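Student: The primary structure of each chain is shown beneath.
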Amino acid sequence: MSAFEQWVAFLTILRKEVRRYLRIWTQTLLPSAITMSLYFLIFGTLIGKRIGTMGGVSYMEFVVPGLIMMAIITNSYANVVGSFFGAKFNNSVEELLVSPTPTYVIVLGYAAGGVSRGILVSIIVTSVALFFTDLDIHNWGVVVGVVALTSVAFSLCGLINAVFANTFDDVNIVPTFVLTPLTYLGGVFYSLDLLPDFWSGVSQINPLVYVVNAFRYGVLGVSDVDITVSFAMLIGLTVVAFAYAMHLLGSGTRLRT
Amino acid sequence: MSAALEITGLQKTYANGFQALKGIDLKVEEGDFFALLGPNGAGKSTTIGIVSSLVSKTQGNVKICGIDIDDDFSLAKKQIGIVPQEFNFNVFENVEDVLIHQAGYYGIPIGIARKRADYYLEKLGIADKKHVQMRMLSGGMKRRLMIARALVHEPRVLILDEPTAGVDIEMRRSMYDFLRQTNSEGRTIILTTHYLEEAEMLCRNVAIINQGTIVTRGSIKDLLRDLNSETFLLDTQDELPANFSVPGFDLRPIEPTCLEVELARGQDLTEVFTALSQAGASVVSMRNKENRLERMFVNVLEGAS
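Line order of the protein sequences matches chains F and H. My numbering puts the first residue of the first sequence at -5, with every later residue one more than the last. My numbering puts the first residue of the second sequence at 8, with every later residue one more than the last.
Quick caveat, the hints were computed from the structure, so don't treat them as lab data. Computed from a prediction, not measured in an experiment: that's the story for all the values here. Treat the hints with care, as some may be off.
Which residues of chain H face chain F? A few of them, derived with a C-beta cut under 8 Å, are [claimed, not checked]: (1) Ser63; (2) Thr65; (3) Pro91; (4) Gly114; (5) Pro116; (6) Lys130.
Here are the computed distance ranges between Cβ atoms for each label pair [to be verified]: (7) F:Arg248 / H:Asp75: 19 to 29 Å; (8) H:Asn23 / F:Thr29: 39 to 49 Å; (9) H:Glu192 / F:Gly135: 49 to 59 Å.
Beta carbons are placed, not taken as given, at the ideal position from N, Cα and C, and that holds for glycine.
Input sequences plus hints: build the corresponding full structure.
Tutor: What follows is the structure in structure tokens.
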């Protein structure tokens, strides 16, 4: 395929993905807006008033970046794992597999779909957050970099999950038992300074601590970890996930017989 | 001119050890209307799966329009359109999107894809379903859409795996007309089917595959010529005379006004007509008792086993 044809194929996958999640917006976009509104109301406003400040900012301001990042992670991941597994389940993935679309275009197309949903949901959640607090972005470069890398990395992880999934239960295992606990324990609602030394040390091996704190640094200028480590970790995760997704789709694992 | 499809020594052994293809050779010329026949599990779908890249070959070579899939599968894939046996749609997409997306995967921009989608939907008689979700279509409409989807990138070779399974007679006939027209425009068509009269009606050449081996191939005309006998049913206006017989012919009365005739190669049915007429039971109609290709198919498979 020529470069132009590959670009068309990429845009086609992206278009298909965007149309899919917009078609079912009550399942894909609305829940995050409602859930985050409740978080802002309960944790930020009601409980937050009693907590006072955390990390040098109001509790409301403190939780907003973490919640936005949580929305990006879960939506990027969920979009690709749901869509690709669905395509496997109804065999419509064969439409792509029999076509001349190169493997890397398929991987990037699905990842772009996940990124677009992650970013769209983050805009919705940020808009909701602005009803509760003001946000003065500390460093736009860090914000954009973290959002881009995080959404790409977790979209790719969703694709890998979808390749291995045999049932809809398999699609939900990682988000339910891995992503959600790691996100909640990733410093969304608290500063690592509050933890005893042992648990603070344990938290250092949770990758989502780095993601959440890097984003919080970009928004508020405060972080519990060194954000260069965060960026290194995110870049590493993205590269490894991309290479593995390429390997899986290129070799036809669980897709071709 | 290179062959539309050339397969040499193709083998496939699945992970469980089952050898689906045992080294088949097959050549389909450009512009042909070709049938690949065989009983269930013979290796037809595996062969098509390898050509379409959904199944990995164990050994052998496949060339599509002269392009070896091992050299440039991407270019080879552009030459073929596949109509699979099972529906493989996202049922929540609408008809037009299915075609636009498929075209896009071949690098065709959306503007051109829309025009082609309109053209093929019109040709296949489902233009009014353009904005309908896939799940709302009947089985026959889905089958026709799969043909439109396979053609939207305008391949040189169209491969159909059991395209009329579950399609009613009227719709089947309109699909036959469309396929004949497509073939007459120069596109090669390769068909697998269980309906042998379909193959006899549409195809010029045939290969029969059984247990992963090609057991016979050639033009349908030549293969049918090799049949040793044919069975006809003759309907008469009046009742057949008691103990009616014609020397040298194998005759069996089926009903009072229906006679079964086993016609050996070289025998002339006119003798039976004349004898019946002289006996006061004129023939008003006649038909083949069984599909000739079916007879040939059974003979070949019995010979191979």
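Student: Each of the hints needs a verdict: does it hold here or not?
Tutor: Okay, the hints, checked on the actual structure:
The interface hint given for H:Ser63 is met, as the beta carbon of that residue sits about 6 Å from the closest beta carbon of chain F, less than 8 Å. With 8 Å as the threshold, the beta carbon of H:Thr65 stays out of range of chain F, its nearest partner Cβ sitting at about 11 Å, so the hint is violated. With a cut of 8 Å, the hint placing H:Pro91 at the interface with chain F holds, because the nearest CB-to-CB distance is about 7 Å. Because the beta carbon of H:Gly114 sits about 2 Å from the nearest beta carbon in chain F, less than 8 Å, this interface hint is met.
Taken as an interface hint, H:Pro116 checks out: its beta carbon lies about 6 Å from the nearest beta carbon of chain F, inside 8 Å. Using the Cβ-Cβ criterion of 8 Å, the hint placing H:Lys130 at the interface with chain F is not satisfied: the shortest such distance is roughly 20 Å. Evaluation of the 19 to 29 Å hint for F:Arg248 and H:Asp75 yields a pass: the beta carbon distance comes to about 27 Å. One distance hint, 39 to 49 Å for the beta-carbon pair H:Asn23 and F:Thr29, holds here, with the actual separation near 46 Å.
A hinted range of 49 to 59 Å for the beta carbons of H:Glu192 and F:Gly135 is consistent with their spacing of about 57 Å.
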